[in-house]
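Colleague: Sequence:
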Amino acid sequence: MSSQHADGIRESPLTALQSRLRHPRVIGRFDRALEAWSRSDLALVETSSRDRLARVLATREYETHDRILHALLERAAVPGRDGATAAEIVLSAMLPAVPGVTGRVIRAVRASTGGGGPRRGVTGGGASADEANADVQATVIGHLWEQVRCFPLRRRHHVAANLVRETQRAALRSFGVDHVQAAVEVASVDDDAFRGALAQPEREVAASEELLSVLSWAVARGLLDERGQAVLTRRFFGDRAGRDGVATDRQVGEELGVSQPTVTRWRNRAIAALADAAEEYPGGVLPWAS
Numbered sequence: 001m002s003s004q005h006a007d008g009i010r011e012s013p014l015t016a017l018q019s020r021l022r023h024p025r026v027i028g029r030f031d032r033a034l035e036a037w038s039r040s041d042l043a044l045v046e047t048s049s050r051d052r053l054a055r056v057l058a059t060r061e062y063e064t065h066d067r068i069l070h071a072l073l074e075r076a077a078v079p080g081r082d083g084a085t086a087a088e089i090v091l092s093a094m095l096p097a098v099p100g101v102t103g104r105v106i107r108a109v110r111a112s113t114g115g116g117g118p119r120r121g122v123t124g125g126g127a128s129a130d131e132a133n134a135d136v137q138a139t140v141i142g143h144l145w146e147q148v149r150c151f152p153l154r155r156r157h158h159v160a161a162n163l164v165r166e167t168q169r170a171a172l173r174s175f176g177v178d179h180v181q182a183a184v185e186v187a188s189v190d191d192d193a194f195r196g197a198l199a200q201p202e203r204e205v206a207a208s209e210e211l212l213s214v215l216s217w218a219v220a221r222g223l224l225d226e227r228g229q230a231v232l233t234r235r236f237f238g239d240r241a242g243r244d245g246v247a248t249d250r251q252v253g254e255e256l257g258v259s260q261p262t263v264t265r266w267r268n269r270a271i272a273a274l275a276d277a278a279e280e281y282p283g284g285v286l287p288w289a290s
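If you count by our numbering, then the sequence shown holds residues 1 to 290, one letter each, in order.
Accuracy of the hints is not assured; some may be wrong.
Simulated DEER-style distance windows between Cβ atoms [as the list claims (entries may be wrong)]:
hint, residue 1, residue 2, range
1, ARG60, GLU11, 28 to 34 Å
2, SER48, ALA220, 47 to 53 Å
3, PRO152, ASN268, 28 to 34 Å
4, ARG250, ARG29, 17 to 23 Å
5, ALA54, ALA272, 37 to 43 Å
Derived from the structure by calculation, the hints contain no laboratory data.
Since the structure is predicted, the reported quantities are computational estimates derived from the model, not experimental observations.
Built from N, CA and C at the ideal position, the CB exists for glycine as well.
Sequences are here, hints too, so could you generate the full structure?
Modeller: Next comes the structure, spelled out in structure tokens:
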């Protein structure tokens, strides 16, 4: 739940957590741990303090991001004080993603219930919109923490993107929302604040995010038929996405019960329809449509 200042102004769960993680005592603990780890772990040699870690993660050196985050997640998987500290450091680095995930979950809950706001059942009878939104944010933070502590260490690529995606999926499941349907109904999977701090790797992943960000717009305007919608949501947001973040046409075909050539034809037709309408899209230029 959100905390409250002495003057009665409520803090969001995110603001309260960020304030705690910025406390000098916590920063000192992070700095001591990072400095020690940087001397013994080549993957962390550039991150001997919290500030240095933040500067590295603000670059567009995506392979470096993966290497550093994976090294920290390996430490976070170990029980004990060091493991908890490593997990807190990763959590702190990933917090810029929380507002975007929270917004997407809230919009998905609204869409799934056909209402203008989160269900009252999410937070209890008579909950206000602010209280409901704060509860969703707290849920997202909780799932992010779980993903950090239980991250599958075999995943060495797109580490930040995997953390965000699995956090969002877990949060959607906790509110009873189908994440595949949410991919269509939620307006955007881009998060400007997060991209500024931890820009996502690989052109194909960035292109898929832009494509998914216009799906709801295209569906609402009748630009995509049910086949195109089904193929694109499963390709980019399905459970069978591979290391590069997308499912193959063969995998999508197995889910839909049709052949791979049929899926390829439907996918090409759907992308062509979106490309034809790209100039009308209010979000700006879409590189994948050119």
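Colleague: It remains to establish, for every hint, whether it holds in the given structure.
Modeller: Okay, the hints, checked on the actual structure:
no.	hint	verdict
1	ARG60 with GLU11: 28 to 34 Å	32 Å, holds
2	SER48 with ALA220: 47 to 53 Å	49 Å, holds
3	PRO152 with ASN268: 28 to 34 Å	33 Å, holds
4	ARG250 with ARG29: 17 to 23 Å	49 Å, violated
5	ALA54 with ALA272: 37 to 43 Å	42 Å, holds
Hint violations for this structure: number 4 only, all remaining hints satisfied.
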